[in-house]
Amino acid sequence: MAQSATEKLDTFPKLLRRNAAVRGSNTAFRHKDLGIWQSWTWAEVYEIVRAYAVGMKALGLVRGDKVAIVGANRPKLYWSMMAAQVLGAVPVPVYSDAIADELAYVLDHAEVRFAAVQDQEQVDKLLSVSERVPRLKTMLYDWGRGLRDYDHTHLHPIEAVIAQGRARLSEGPDVGAALDAEIDGGTGDDLSIILYTSGTTGRSKGVMLTAGRSIAAATDTVAFDHLSDRDEVLAYLPLAWVGDHYLNFAQGLVAGFCTACPESADTAQADLKEIGPTFYFAPPRVFENLLTRVMIRMEDAGSLKRRMFHHYIAVAKQWGEKILNGQEVPLSARLSYGLGNLLVYAPLKNALGFSKVRTAYTAGEAIGPELFSFYRSLGMNLKQLYGQTEAFLYVTAQPDGQIRADTVGPATPNVEIRIEDGTGEVLYKSPGQFIGYFKDAEKTAETMTPDGFVRTGDAGFFEVGTGHLKIIDRAKDVSKLKSGDLFAPKYIENRLKFYPNIKEVVAFGQGEEFVTVFINIDLTAVGNWAERNNVVYGSYQELAGHPDVYSIITAHVDAVNAQLATEPAMAAAQIRRFLILHKELDADDGELTRTQKVRRGFVGERYAPLVKALYDGSSEADISTEVTFEDGRKGVISARVKVKDATLFPATSTTGKAA
Amino acid sequence: MLHVSPQSTSAAIAKGEVLLNVENVSLRFGGVKAISDVSFDIRKGEVRAIIGPNGAGKTSMLNCINGFYFPQEGHITYKGVRRQKVRPHEAASSGIARTFQNVALFKGMSTLDNIMTGRLLKMKRGFLWQCLHWGPAQAEEIAHRETVERVIDFLEIQAIRKTPVGRLPYGLQKRVELGRALAAEPELLLLDEPMAGMNLEEKEDMCRFILDVNQQFGTTIALIEHDMGVVMDLSDRVVVLEYGRKIADGTPDVVKADQKVIDAYLGVAH
Amino acid sequence: MSAVTSTAPKPMLSPAMMATVKVLGVFGAIALAIVLLVQSGAMPKGSIGHKVLAAPFIDMWDLPDLLVQTLWEGLVAGVLYALIALGFVLIFKASGVFNFAQGIMVVFSALTLVGSYEIMTQRMGLPTGVAVAILALIVAVATMFVLAWLVERIVLRPLVNQNEIIMLMATVGLTYFLIGFGEYVFGGNPKVMITAELGLPTGNTQFNILGGRVNIQHLDVAAAVIASVMIAGLAFFFQYTRIGRALRAVADSHKAALSVGISLNQIWVIVWFTAGIVALVTGIMWGARSDVSFALEIIALKALPVLILGGFTSVPGAIVGGLIIGIGEKMGEGYWGPLLGGGIETWLAYVIALGFLLFRPQGLFGEKIIERI
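Those sequence lines, one after another, are chains X, U and C.
End of the first sequence sits at 659 in my numbering; the numbers just go up one at a time, nothing left out.
End of the second sequence sits at 929 in my numbering; the numbers just go up one at a time, nothing left out.
End of the third sequence sits at 1302 in my numbering; the numbers just go up one at a time, nothing left out.
Keep in mind that the hints were calculated from the coordinates and are not lab data.
Do not rely on the hints blindly, as some may be mistaken.
Capping the alpha-carbon separation at 25 Å, the derived lysine to any residue pairs in SDA-like fashion look like this [stated by the list, open to error]:
| id | chain 1 | residue 1 | chain 2 | residue 2 |
| --- | --- | --- | --- | --- |
| 1 | X | K273 | U | R826 |
| 2 | U | K862 | X | D266 |
| 3 | C | K951 | X | A301 |
| 4 | U | K821 | X | A346 |
| 5 | X | K125 | U | D871 |
| 6 | X | K503 | X | P284 |
| 7 | U | K862 | U | F813 |
| 8 | X | K273 | U | E815 |
| 9 | C | K951 | X | A314 |
When you get a sec, could you build the whole thing from the sequences and use the hints?
Quick look at the structure:
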């Protein structure tokens, strides 16, 4: 199976063949089954994928067909993708928890003829929508429990398909030769995969990615993060998400590292600990949950353990990041940190499964600076990146040594970024970028500029001096103050929400002279403070209106203003006036969406008298609002809410707007 | 377009071989008659439901079958052998496993250890080998562990493998208890209100597990359940008890239409 | 110190370590306070305070060899206490019965061993020596088995599911039956343990350490070793064997154990037999240190404070509790006894236990019951 050195590795099947030849005995996949980690080498995977492809071909799969992949991260589903690609078919991974309606739309839109699914649950789900997916003919499944009595005319266990392929391959060399021809016939321009994005508005769009571009993108980042075939990842993110396909599938094949699949979704955390991956990705939410769990566990621990934990976490907070960044640190701090590492950080990282992590990324939403530096201070190389499905993930990433909580880093190698004048929208051109939305020329045209740039839909700016990109908000949500300066409500809101005392923020300012905010205090955090400081309060309303609480919040607002003043694009959008709302914003009252996002427009209308007070200079205002109690009864809350002025800071940079 | 559908097997069972036969069984506690003169049979491979209002003697019936109680009158024939006083451990070794209305688990042990106890009867290696924990005993332990892992996989409880069961929520405890019964690879599985105290989702899962056990391993199942929807969906045949007497017996459709059953469930005075 | 690593509670090490650390911390603080008091002159030499709080520690410091000797003797006694307590715990866990007769089983088993050896050598004319001693040992083991079987048949089975106090009374009855039966068969005179015949080492070794002499009885070394091996063996047996698993199952829930095919009767025989073997070993060791007579029963009552300390359901608790009582007793007798005219060894254990009860009624390792409400 020796390949000529000049062969172009421009498709994933060719990379698989290369890996089997170059590092055939290295472990390629692991999967915990029946409580034991099973593993497969690259050579074994290549053999299985070949047999699988032959079996699929026998079932009628041909070049250009679409194959739906539905289920959790299991080796056989990854191999289904590989086998489909060997034949030049296009895998279409689908979110396995998608509701039937969404699933039916995607499967039909993608014109899938085959589906490789995990188990009975997915088979049933597909069967339930089969009327709406007329092209779907054949279903393959990984795990047969409960499927024994199903009609198997068009339903096959993956195991059996592979076995059949093996049998055919053993019949003679022709079958294998034909398969090699299929692999050789693939080119970098072939469609490699279609990833459907779960659109926030409207139907999902099928992002078409080609093999050559995908591999080019992955090659760049493998070099960027020094990944090699000695690395190992745990694949626990949804198969249909670009993150999993990029980080695990594409980088795995390019770098030749091992992909471990958890036993089940519920065991991922325990499996993480057993595998000890060297490269790790998680959205901020996961890091936050882990931290909360650690903190709760520590509260239950004995007092000695607890005190030790808090002491060394404080040490880490003070010195950890500096040590990680290679800054000057006094010897005593180094010693103390070393002891802390022995007693707390190393065991903690081990418990979380992060002992061997060399590089970890987070992305998807803004990460709180406290949270970010907590993990970094433990000595974990956690970095941020910014990207999207259309880019095949990366647009920017933080290189080692230039890591900060408040930026997403500079453009990754070979990526070009420009900021559109006026809107502040971020546009990019990247090696991995998509070739268009499947069967949707209109949307493609909207997203791609004539000169080949892709619109992200996010507004951002480059930080002066460092060239780091800062994302401020969705471009459509960014508006302007009366002066014409950028007003990014979410950016300001997030800044404030990083303070534990603040639960929710609503910023106003579109077309106005200046920026104002509503603030919701966090009852747990502020209530805790009140208890510690003997502040007596009878209700949420009373606590929210307490003068001391106002001074705490004023300090937070001032601090945010000071930060904003250092950012040229944002300096004009400092918060001039604010108030603390007398009630918590509530989804039952329509003020939040069910996913706990503020409905800014609705809140503005509902509290119109308060918004008026923010802008007309009055020091307090009366408001009465109808509320819905938990038992469904309705009532009216009336209150007099105080309005406070915040401190404004002069813009510290004179270079003007970056955009 | 695909046409795949699960098939029902109830037609075949009606003519099937009798696994357990209850003949004129009566059970008294002092002067109170818990069961009077009840007869029915359980056929190989079926899901047999025992239903009835509270205090109808359903659990007492299960207790008679697995040897917790000895009926004063009547006989129980199992696998063609008429049993005299059977003790619980003898019933267990003859292939009868059960779960309880209020879960009876080993709360201090992990899920894995709990399910492992289901294999105790199958462990044959001698005492000495076990003490040495070596050679055949170790091989045997590994084989049993594999069976247990299959059960864990089957019930999708990998995540709680090492958790002490006392810490698990009720729904999962019931699942672990089913797992322990399954680990014994029983021929007859007695389930006492397997879905009591569960939410809708847990009930659906449990239904699926029960059906899968029945279809995949061919295990005969006798179950007590209050949720009529569940009973009618799951079972091949239903026997209805009231005040310790049998008032109806047949397929779910037949039983549903029976006037005496309707009266019993609506509480019509006799 | 893996603060957050342990997802499942480790059986004994982790809480034991924490407890040890805590105890050491408290002792350290007290020691510091005493040093400060003495240094500041608040406790002049000869005052009551000095005699109680300072002088014994100064003695320990001045004569470290004596301290080592005392600690060693305490350790050996502690291991034997632990063995007796272990017998209680086994039976309590598996059948919920507080076996009052455990102490007398120690005497009875030892008596059976010595008595049958006497009968074989004196009345049946067999030659004295190791072979017959082992034969006697087999007879004793068999007797303990028969006893376990009879207890299950005659006491436990008919009384199953009865009130705990009734079970306790039954074991009290068993105690008096064993005393009477033992005296009837073997006579009431104290007997000498067949130490040498069983191959146990006698004699002693003296070490010159820390500027003094420490005298170590070979028998004590053997006792410590045998007891440790026995405890380790039992721990292994419970953790890894089928019967061990069944025992733990029965200890947890009778109903569930029955449903998986465990025969309670069989388990009870095994548990009582195991407790009998533990009693026999204890009896041999104690008997070798003094005589074998029903007076030994008194040491069996020492198990009570050990149990209070360790908790009724915890095997590690029995071991640690035994050691604390054993060492505490010897130290108390050696260093503080003279203040009270000596002889405090007989009651000190109970005082320690009483003090403990005030602070931690569930014992050192008393079972934390996991309950969901």
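(request) Assess, step by step, whether the Cα of X:K125 is no farther than 25 Å from the Cα of U:D871, and give holds or violated. (result) holds (18 Å)
(message) Tell me if the straight-line CA distance from U:K821 to X:A346 falls inside 25 Å.
(response) This hinted pair holds, its Cα atoms lying about 23 Å apart.
(message) Check the hint pairing U:K862 with X:D266 against an upper bound of 25 Å on the C-alpha distance.
(response) holds (19 Å)
(request) With a cut-off of 25 Å on the C-alpha distance, tell me whether X:K273 and U:E815 pass. (result) Roughly 20 Å separates the two Cα atoms, so the pair holds.
(message) Need the status of pair X:K503, X:P284: alpha-carbon distance at most 25 Å?
(response) holds (17 Å)
(message) Would the hint linking U:K862 and U:F813 be met if the CA-CA limit is 25 Å?
(response) holds (16 Å)
(message) Does X:A314 sit within 25 Å of C:K951, going by the straight-line distance between their CA atoms?
(response) Given pair C:K951, X:A314 holds - Cα atoms ~24 Å apart, limit 25 Å.
(message) Given the hinted pair X:K273 and U:R826, is their Cα-Cα distance within 25 Å?
(response) holds (21 Å)
(request) Take the C-alpha atoms of C:K951 and X:A301, compute the straight-line distance between them, and say whether it is at most 25 Å. (result) holds (14 Å)
Checked against the numbered hints above, the structure violates none of them.
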